[in-house]
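Peer 1: The lines below spell out each chain.
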Amino acid sequence: GNSVTQMEGPVTLSEEAFLTINCTYTATGYPSLFWYVQYPGEGLQLLLKATKADDKGSNKGFEATYRKETTSFHLEKGSVQVSDSAVYFCALSDPQGGSEKLVFGKGTKLTVNP
Amino acid sequence: SAVISQKPSRDICQRGTSLTIQCQVDSQVTMMFWYRQQPGQSLTLIATANQGSEATYESGFVIDKFPISRPNLTFSTLTVSNMSPEDSSIYLCSGGRAQETQYFGPGTRLLVL
Numbered sequence: 001g002n003s004v005t006q007m008e009g010p011v012t013l014s015e016e017a018f019l020t021i022n023c024t025y026t027a028t029g030y031p032s033l034f035w036y037v038q039y040p041g042e043g044l045q046l047l048l049k050a051t052k053a054d055d056k057g058s059n060k061g062f063e064a065t066y067r068k069e070t071t072s073f074h075l076e077k078g079s080v081q082v083s084d085s086a087v088y089f090c091a092l093s094d095p096q097g098g099s100e101k102l103v104f105g106k107g108t109k110l111t112v113n114p
Numbered sequence: 001s002a003v004i005s006q007k008p009s010r011d012i013c014q015r016g017t018s019l020t021i022q023c024q025v026d027s028q029v030t031m032m033f034w035y036r037q038q039p040g041q042s043l044t045l046i047a048t049a050n051q052g053s054e055a056t057y058e059s060g061f062v063i064d065k066f067p068i069s070r071p072n073l074t075f076s077t078l079t080v081s082n083m084s085p086e087d088s089s090i091y092l093c094s095g096g097r098a099q100e101t102q103y104f105g106p107g108t109r110l111l112v113l
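One line per chain: the protein sequences are A and B, in this order.
For the first sequence, this note's numbering assigns the number 1 to the initial residue and increments by one for each residue that follows.
For the second sequence, this note's numbering assigns the number 1 to the initial residue and increments by one for each residue that follows.
Take the hints with a grain of salt, since some may be wrong.
As the list claims (entries may be wrong) - Each computed DSS-like pair below joins lysine-lysine, with the alpha-carbon atoms no more than 30 Å apart:
#1 A:K68 <-> A:K109
#2 B:K7 <-> A:K106
#3 A:K60 <-> B:K65
#4 A:K52 <-> A:K109
Claimed, not checked - Listed next, the stretches of chain A that the computed footprint assigns to chain B, with coverage defined by at least 3 CB atoms under 8 Å from CB atoms of chain B:
#5 39 to 51
#6 105 to 113
Keep in mind the hints are simulated off the structure, nothing from the lab.
Please read all numbers here as calculations on a predicted model, not as lab measurements.
Yeah, the Cβ is synthetic: ideal placement off N, Cα and C, and Gly gets one too.
I would like the entire structure built from these sequences, with the hints used as guidance.
Peer 2: Here is the structure:
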């Protein structure tokens, strides 16, 4: 079945540091890949997505590239801010395989200190 | 994009009682889902809410415990029945069109005493 393995947290960084959160996946078809973010006390928001190999999703300074050869979708940001403190979830869906259901990684809690 | 609202936003309930959570989408969507997020954990899919027919449940979730309705393309309810403290979680609904992004509601924070 489909699964997502995400870097375990928590991650603590200083403001302006470089961020990488690793995400790898297992899927039978050709999944779409997502990063969702959950700020404290809030629901999930879509951060970025990629629907096919070599696509790069980007938003708010975050980027992730769909790497089919390594089955990865690592999240990066060049300079984090205190306001980026949140829990980040990597997820996939396999619509062509007949399912729009999202399969989530375990989440990575990021804390950015001033 | 779709804007999704949920009611209630939070509740504290006594064990043995039931709570119905409502999910409203501001536009017609093909797919609606219900997820559970236990404290400090990731999201687990409970079921797919099917319009006009019985929901499709994931392994470990049953209709008697989590009855779901979806009378039209923009509205769904999830009931958590005969609650116990283990049901304390955040319950989230999501919606989207086929092969498009799913959007999430803000969640319902449930505490069972």
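Peer 1: Mind checking the alpha carbons of K60 (chain A) and K65 (chain B) for me, to see if they're no more than 30 Å apart?
Peer 2: With Cα atoms ~40 Å apart, K60 (chain A) and K65 (chain B) exceed 30 Å; violated.
Peer 1: Can the restraint linking K52 (chain A) and K109 (chain A) be considered satisfied, given a maximum Cα separation of 30 Å?
Peer 2: 27 Å, holds
Peer 1: Quickly compare the C-alpha distance for K68 (chain A) and K109 (chain A) to 30 Å and report which way the hint goes.
Peer 2: 26 Å, holds
Peer 1: Please count how many residues of the region 39 to 51 of chain A have a CB within 8 Å of a CB from chain B and say whether that reaches 3.
Peer 2: holds (count 6)
Peer 1: Sort out whether K106 (chain A) lies within 30 Å of K7 (chain B), counting only the CA atoms.
Peer 2: Roughly 26 Å separates the two Cα atoms, so the pair holds.
Peer 1: Three residues minimum, CB to CB under 8 Å: does the region 105 to 113 of chain A make the cut for coverage by chain B? Let me know.
Peer 2: With 3 residues in contact (Cβ-Cβ under 8 Å with chain B), the coverage given for the region 105 to 113 of chain A holds.
Comparing the model with each earlier hint shows a violation of hint 3 alone; every other hint is respected.
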